[in-house]
Structure formats: structure tokens, C-alpha cells
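Peer 1: Chain residues, written in single-letter form:
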Amino acid sequence: MRQPARILALLSLLALGAAAAETVTVGLDADPPRLDPALSSAFVDRQVLNQIFDKLVDLDQNLKIVPALAKSWKISNGGLTYTFTLRPGVKFHDGTPLDASAVKYSLERNLNLEGSARKNELSSVKDIKVLGPLTVQLNLKQPYGPLLAVLADRAGMIVSPKAAEREGKDFQNNPVGSGPFEFVSRKRQDNITLQANKAYWDGVPKIDKLVYRPFPEGDVRLANLLSGAVQVITPIDPKDISKLDQNPKFDVLNYPGLGFQGIWFNVTRPPFNDKANRQAVAATIDRDAVAKVVFYNTVKPAAGPFPPGTPAYSPTIKAPEPNLALARQKLGGKPLTFTILTTPGTVTTQLAQLYQAMFAQAGISAKIQQVEFGTLLDRADKHDFDALILGWSGRPDPDGNIYDFFVTGGANNQAGYSNKTVDQLLNKARAQSAMPARVATYNVALGQILSDVPYVWVYHPNNLVGMVRGLSGIKAIPDGIIRFKDADLK
Amino acid sequence: MIQFAVRRLLAALPTLFVVTVLVFGMVQLLPGDPARLLLGEEATPQAVTELRHSLGLDRPVPEQYVRWLMNIGRLDFGSSVKDNSSVLGLIADKLPTTIELALFAMLIAALIALPAGMISALKRDSWTDRALTLLALSGISLPNFFLGILLIYLFSIRLAWIPASGYVPFSQNPAKNLLLLLLPAVTLGVHSAAVLARYLRSSMLETLSQDYVRTAHAKGITWQQVVLKHGLRNALVPVITAFGLQLGGLLGGAVITEQIFSVPGFGRLLVDAVFTRDLPVIQGVVLVSAVAVFLVSFLVDLAYAAVDPRIRYH
Chain A
8 MRQPARILAL
18 LSLLALGAAA
28 AETVTVGLDA
38 DPPRLDPALS
48 SAFVDRQVLN
58 QIFDKLVDLD
68 QNLKIVPALA
78 KSWKISNGGL
88 TYTFTLRPGV
98 KFHDGTPLDA
108 SAVKYSLERN
118 LNLEGSARKN
128 ELSSVKDIKV
138 LGPLTVQLNL
148 KQPYGPLLAV
158 LADRAGMIVS
168 PKAAEREGKD
178 FQNNPVGSGP
188 FEFVSRKRQD
198 NITLQANKAY
208 WDGVPKIDKL
218 VYRPFPEGDV
228 RLANLLSGAV
238 QVITPIDPKD
248 ISKLDQNPKF
258 DVLNYPGLGF
268 QGIWFNVTRP
278 PFNDKANRQA
288 VAATIDRDAV
298 AKVVFYNTVK
308 PAAGPFPPGT
318 PAYSPTIKAP
328 EPNLALARQK
338 LGGKPLTFTI
348 LTTPGTVTTQ
358 LAQLYQAMFA
368 QAGISAKIQQ
378 VEFGTLLDRA
388 DKHDFDALIL
398 GWSGRPDPDG
408 NIYDFFVTGG
418 ANNQAGYSNK
428 TVDQLLNKAR
438 AQSAMPARVA
448 TYNVALGQIL
458 SDVPYVWVYH
468 PNNLVGMVRG
478 LSGIKAIPDG
488 IIRFKDADLK
Chain B
389 MIQFAVRRLL
399 AALPTLFVVT
409 VLVFGMVQLL
419 PGDPARLLLG
429 EEATPQAVTE
439 LRHSLGLDRP
449 VPEQYVRWLM
459 NIGRLDFGSS
469 VKDNSSVLGL
479 IADKLPTTIE
489 LALFAMLIAA
499 LIALPAGMIS
509 ALKRDSWTDR
519 ALTLLALSGI
529 SLPNFFLGIL
539 LIYLFSIRLA
549 WIPASGYVPF
559 SQNPAKNLLL
569 LLLPAVTLGV
579 HSAAVLARYL
589 RSSMLETLSQ
599 DYVRTAHAKG
609 ITWQQVVLKH
619 GLRNALVPVI
629 TAFGLQLGGL
639 LGGAVITEQI
649 FSVPGFGRLL
659 VDAVFTRDLP
669 VIQGVVLVSA
679 VAVFLVSFLV
689 DLAYAAVDPR
699 IRYH
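Keeping their order, the protein sequence lines are chains A and B.
Residues 8 to 497 in my numbering are what the first sequence lists, from first letter to last.
Residues 389 to 702 in my numbering are what the second sequence lists, from first letter to last.
Some hints here could point you the wrong way.
What the hints assert, rightly or not - No more than 25 Å apart at the CA atoms, straight line, and that leaves these computed lysine-lysine pairs for DSS-like:
1. A:Lys194 <-> B:Lys564
2. A:Lys216 <-> B:Lys511
3. A:Lys213 <-> A:Lys169
Stated by the list, open to error - Simulated restraints on C-beta separations:
4. A:Lys169 <-> B:Ile545: 22 to 32 Å
5. B:Asn561 <-> A:Glu328: 56 to 66 Å
6. B:Leu410 <-> A:Ala332: 31 to 41 Å
7. A:Gln253 <-> B:Leu522: 30 to 40 Å
If you are wondering where the hints come from, they were derived from the structure by calculation, not from laboratory data.
All C-beta atoms, glycine included, are put in the ideal place defined by N, C-alpha and C.
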């Protein structure tokens with residue numbers, strides 16, 4: 008009689024011990040494709056990469072660049088030289104030291120690795136020099152204002168040289184960094200499991216185990232949060248916000264992001280090689296209606312690429328009100344018919360139909376064509392469309408929200424837009440180092456772009472995170488990445 | 389019988405060859421460049437060209453096909469464009485899950501369909517028959533995604549009996565494995581059950597109107613024996629065909645259901661591969677699915693003889 012009771016007591020103690028180990032499971036909207044900072048090209052990768060890897064610098068809630076692995080830095084030589092002093096005593100998860108030579112290795116890997124998605128961001132870097140065990144210097148070909156912001160993202164993540172050499176192409180399946188959580192395992196389309204880095208330089212995380220699981224369907228993501236299978240989901244479908252808000256067991260984080268959404272016009276062929284047609288369509292857009300009807304006011308009407316609260320946002324550029332008289336005047340009595348390309352999905356369909364109705368009010372007839380995302384990108388790149396609904400997840404530096412979109416031949420210049428003045432201004436802003444001067448230059452360029460209308464900005468989406476009440480320590484950083492280092496589950 | 393089996397297997401080879409051509413060709417026709425999708429937001433033209441080269445996508449298509457086919461001959465399905473993991477490894481990882489789910493679903497389907505179909509046929513045009521017909525039609529017309537969400541809402545959120553999603557391998561924890569697969573299996577099984585019940589009903593009705601059934605009755609055999617031995621057994625042949633088709637379909641991956649319940653099976657692997665244009669994975673999965681469908685229909689052919697001894701293979 009006694010023995011079983013003792014065993015039972017022991018078992019319940021063990022169970023308590025097991026319960027004390029904190030596990031947080033996060034529901035994402037996609038299975039992160041590649042867990043290698045050099046190869047990653049999807050937004051969702053960053054949610055996981057940010058826990059495994061430390062960056063040279065990081066962003067705070069106000070988008071200020073703050074120290075991370077680099078304790079301090081100095082910009083000299085007219086913006087051509089960046090000298091970073093590293094934090095001492097930092098070790099990778101495999102026990103090897105994170106020093107200046109590891110930083111050099113990572114940055115050069117980003118520049119040279121076959122298929123690296125970081126080459127463009129770091130194209131201004133000429134060379135990287137190790138000046139001392141904890142001092143590393145970046146020399147640039149030309150001044151590049153966005154550099155620090157770029158290093159606050161994947162380009163600035165430092166990988167363990169030993170692990171990267173050993174794993175080669177498989178590093179993404181066994182990533183080793185120095186971040187607050189270390190990689191344990193992944194099963195594709197099922198889960199990615201991380202555990203707390205017990206030797207983390209900035210304090211051991213309170214969460215012991217961090218698990219990421221993909222749920223592409225918004226309803227399914229929500230169901231898993233409601234049923235307790237996961238503790239955090241991001242994003243939440245806007246329609247579900249009020250449901251979660253009213254539920255005492257859950258909290259919603261709803262805070263501004265860095266991205267924009269809107270409509271591209273193909274300026275290389277009719278009907279939108281005619282500026283008047285672009286102006287007519289743009290004038291019909293009712294941004295408040297879009298925010299209210301489709302997004303339950305979880306988005307902000309957009310006047311340009313820079314969301315309110317970001318450095319280059321200018322309050323003097325206002326989001327235009329719909330103006331049907333102007334639209335009709337621009338059309339001058341001529342009929343306008345075109346096809347608008349979008350992806351399938353509840354929200355995109357609703358959005359496209361709302362646009363269609365707005366155009367129709369000015370007598371413009373639009374046909375909606377829905378194609379899957381890969382096909383949409385393909386047709387966008389080939390400029391094989393009339394108009395196209397496509398946006399951008401956003402970057403902390405203004406350059407990341409404007410340069411590649413409007414510079415002639417830019418990688419994201421879907422419109423095929425080209426304007427010499429704009430090219431000059433965008434390149435000039437890159438080379439300036441003081442933010443106020445850069446902002447002024449960007450806004451002059453933006454003025455020209457707004458008058459040419461290759462794109463019409465409609466809204467800035469918010470970051471939407473749903474989580475169980477009792478989860479604390481999560482900061483609302485505009486890049487939308489949830490940093491779990493200080494998170495705690497009560 | 390063995391001769392028949394060998395002949396069937398040999399006859400399948402040209403079919404499989406056509407399948408490889410189709411799989412490869414169709415994937416080439418997909419709009420969208422894998423390199424472009426892989427690079428996503430960071431795709432500069434230079435990076436795309438470089439990646440296309442390193443993936444071998446800039447070689448002529450016939451050359452790519454021949455190389456792929458030769459590798460398959462050596463059971464090398466290539467590696468995923470996305471994360472370099474071996475396609476065969478991915479398939480080996482996901483296929484057992486999907487097979488288990490498919491069998492589980494078909495078991496549920498059979499458990500529902502056999503009694504439902506028989507009762508419907510025996511009580512033809514009664515209220516029971518009408519109610520069962522109505523249920524079957526609802527089962528056929530209810531979309532998977534809707535039924536799935538409904539089940540999650542009821543059993544995971546309201547009653548909190550079963551986790552909403554997830555997967556544990558059978559070898560690790562059999563009870564949890566079955567519990568987690570229960571809702572997806574029911575979601576899939578209900579649809580198949582409805583189809584099978586309809587088949588069984590009409591097939592039973594036809595059989596029961598045959599002369600030999602009347603003779604059996606006349607001989608004074610009990611009612612149960614007539615129905616089970618003379619009726620059901622003979623009525624099963626078309627039902628087995630339908631069963632095979634349903635099972636084959638499920639083995640191709642129950643895409644939507646796997647998506648809703650986050651079951652890491654074949655369907656999710658395929659959908660993910662299609663959206664990211666992970667060509668080696670798409671080709672591998674479709675080829676293996678085609679082989680699986682062929683194997684199931686082959687087994688179904690063999691099963692006819694077991695059910696109906698009059699069927700002989702020549």
C-alpha cells in the first residue's frame with residue numbers, strides 16, 4: 008500500500024517538475040522556408056532567426072538603432088568607414104567564441120555564399136577588416152545611409168563559422184548562432200523546436216522551450232489559440248480581433264508596422280502608359296472605406312511608402328480623399344477598361360471587389376483576375392499585367408521602402424517606372440548619412456512619384472498578435488518580429 | 389493469378405513512363421520561376437540568374453528530364469530546392485503519416501457505410517432510407533474544410549476533448565497518435581462513407597432483386613444469411629472499386645484536411661512544394677502518388693476474386 012503511494016508522490020513531483028519547464032508554442036502563417044540568415048528571403052523566417060541569432064545591432068520600439076552584439080560603433084571617413092566594438096565573452100551555441108573574425112566570416116559569407124539573398128543589401132561593402140579580437144571595420148565603396156538598419160536584420164546576424172563550415176548547404180537545417188534560444192530540431196510543415204540558451208550573455212530566457220508551428224489558414228490558427236494548443240499566433244485575421252479582444256483569456260497586440268499595400272500600374276503598356284488613366288483610377292480610392300470594410304480598422308490609410316511613426320513619414324503629405332469628379336475629368340469621357348491581378352483568398356478577394364466597385368463609381372470597368380502568388384510575381388516581373396495588387400512588408404530604413412520600387416530597373420519596380428530625377432534623388436539619399444537630410448531628399452523624390460502615379464498607396468497594415476493572457480515581456484517593435492528573450496508565461 | 393499479377397505489373401511500366409513525362413512536363417509549364425520565388429522579396433535579377441544556374445534550371449529541359457529520369461532509376465529523387473533535404477527522405481518521412489491517415493479514414497468510412505448502405509437497401513423508400521440518403525448527400529456535399537473547422541470547434545474548443553491539431557508518430561505514442569488523427573480521419577471518412585453507402589445501397593438493391601436471392605429465400609435459408617451471404621457479398625464488387633478509388637485519392641494526399649489539422653503528410657508537402665515551385669519535391673511526390681494509386685487499383689483487382697469466386701484471371 009505504502010509503495011504505490013510513494014511512487015505516486017514521486018510521479019506527481021516529477022510531473023510538477025515537468026510542468027515548471029515553460030514551453031511556449033507560436034502559431035505562424037507559414038512554415039519558415041530557410042533558417043539561414045544568408046539564404047532567408049521570407050518574412051516569416053525572421054520570426055525564428057531572431058531567436059537563434061544575435062545581430063550586430065537591433066531596433067527598439069521607436070525604430071532607433073540600439074547596441075546588440077556591437078557594444079558601440081563609430082562612423083568615420085565621410086560615411087565610408089564603420090568601426091564596431093563587440094561585446095566581450097559572447098559564445099555561440101556550439102561553444103566557440105563570437106569575436107571579430109566570426110563577424111568578418113558572417114558578413115563575407117553573406118556577400119559571397121552562392122544564392123545569398125543579402126548581396127543586394129550589402130552591395131556597398133568593399134571589405135571587412137579585423138582590427139582586434141573585438142574590433143571589426145567595414146569599408147564601403149560609397150556612403151550608404153541604410154547600413155545600420157540593414158545590419159539590424161538578417162545581414163547583421165552572426166553565424167558560427169565552425170558550424171557553417173561543417174554543415175555547408177545544410178546549415179539551414181542545423182543553424183548555430185549565439186541568440187537567446189538554440190535550435191533543437193525541425194520537422195518540415197510540423198514544428199521548429201528551440202530551447203533556452205542557458206549561457207546567454209544578456210540573461211537566460213525565462214521560457215525553456217520555444218516551438219513554432221505553421222498554420223496557413225487564419226481560422227485554424229485562431230482555433231489552435233482558443234483551444235490552448237498554442238499560446239501565441241501571428242498574424243490574426245482582422246475579422247477575429249474583436250472576438251479575441253472580448254475574450255478574457257486572451258490579449259491582442261495591435262501596433263503599427265513598417266509595410267504598405269496598394270496597386271501597381273504597368274506604365275509600359277496601355278491603358279496605364281497614359282498618366283491620366285492612372286490618376287483617374289487613383290482618384291476613386293476611398294481609403295477609409297477599405298480600412299473599415301475589409302480590415303476592421305486594423306490598417307491606416309496610406310499617403311506614401313512611409314508609415315506614420317517612421318523616420319521619413321511626412322505629416323504634410325496627406326492620404327487623398329476619393330474624388331470622382333477628378334476621376335471623370337481625367338478620363339475626359341473616354342471609356343477605361345482593364346484587368347486587375349490579385350491572389351486568391353478571402354481578404355484579397357474582398358479587397359479586389361471593393362476596388363472594383365470604387366472604380367465603377369467613376370465609370371471605370373475593371374475585371375478581377377486571381378492567380379496564385381508565384382504566377383503573380385512572375386507576371387509582375389515580366390510586366391505582363393495592367394494593374395496589380397501587391398505590397399511590401401517594410402523595412403526600418405526609408406530606403407528599404409522606396410529605392411528598389413522606383414529606381415529604374417529596380418528589383419521591385421513592377422510598374423516599369425523610370426524617371427531620371429527620381430533615380431538621382433534616391434541615389435543621393437542613399438549616400439547621405441544624416442537622417443534629416445536623407446528624409447528631405449526622399450520626400451522630394453516621393454513628390455515626383457506621387458505626381459507620376461506608378462503606384463497608389465492605399466493602406467499600412469498593423470502588426471496583429473494574439474496571445475494568452477499571462478504572457479508578458481513582449482515588446483511591440485514595428486518590424487513585427489516577436490522577440491522572446493524577455494517573455495514569461497505566468 | 390501470379391501470371392496475371394506479373395502481366396499487370398509489366399503493363400504498368402509504359403503508364404508510369406507516361407506519368408514521368410507528364411509530371412516533368414507539367415511542372416515545366418507552371419508559370420513562376422523557382423529561383424525568383426526562393427529569393428522572394430530579395431530577388432535582384434543578378435541573384436535570380438545565379439541561383440537558376442546553381443539549381444541547374446538554365447539547362448535545356450530535355451537534358452533536365454533525362455538527368456532526372458536516370459537519377460530516379462537509381463532511386464535518387466534529387467534534393468529540395470528550398471532546404472537541400474533529400475526528396476526521398478521527405479517522402480519517406482511524410483508517406484507513412486498519410487497512409488495511416490488514409491487507412492484510418494477508410495476504416496471509419498467502412499464502419500459507417502456498410503450498415504448505412506445495407507439498411508438503406510433493405511428498408512428501401514422508408515423514412516430510415518430517406519433519412520440516410522439525406523445524411524449521405526450532406527456528407528458528399530459538405531466541404532472538408534467546413535466539416536474540419538466544425539469538428540475543431542465542437543471537440544477542441546467547446547468540449548476541449550481532443551487537441552485541435554498536431555501530430556505524434558505512432559511509434560512514439562500510439563494512443564496520442566490515434567487521438568490526434570481521429571478528427572482528420574473522421575473529416576475524410578465521412579465523405580468517403582457517404583459515397584460508399586450510396587454505392588452499396590444501389591448495388592444491394594440490384595443484387596436482392598436477383599433470381600438466386602429469391603431461390604435462397606425459397607430454400608428456407610434465414611433472412612440474415614440471405615442478406616449477408618447472397619446479398620452483401622455479391623453487392624460488394626462495385627463497392628470495392630469505389631473503395632479503391634477513394635483510398636487512392638486519399639493516398640495522393642488529403643491536401644485540405646492535412647492543412648486544417650496541420651497533419652505533416654503528403655498533401656501539405658505537395659501544396660507547399662507547388663507554392664514555392666520546389667520542382668524536385670513536386671515531381672517526386674506526384675510520381676510516388678501515381679505509383680500508390682496504381683498499387684491500390686492493382687490490389688483491388690486482386691480482391692475481386694477473393695469476394696466473388698466466379699471472377700477468374702486469365
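Peer 1: Work down the list of hints and note, for each, if the structure agrees.
Peer 2: Here is what the structure says about each hint:
1. A:Lys194 <-> B:Lys564: Judged against 25 Å, a Cα distance of about 18 Å means the pair holds.
2. A:Lys216 <-> B:Lys511: Judged against 25 Å, a Cα distance of about 58 Å means the pair is violated.
3. A:Lys213 <-> A:Lys169: Answer violated: Lys213 (chain A) to Lys169 (chain A) is near 28 Å, above 25 Å.
4. A:Lys169 <-> B:Ile545: 22 to 32 Å: 47 Å, violated
5. B:Asn561 <-> A:Glu328: 56 to 66 Å: 60 Å, holds
6. B:Leu410 <-> A:Ala332: 31 to 41 Å: Since Leu410 (chain B) and Ala332 (chain A) have Cβ atoms about 56 Å apart, the given range 31 to 41 Å is violated.
7. A:Gln253 <-> B:Leu522: 30 to 40 Å: At roughly 37 Å between Cβ atoms, Leu522 (chain B) and Gln253 (chain A) fall inside 30 to 40 Å, so the hint holds.
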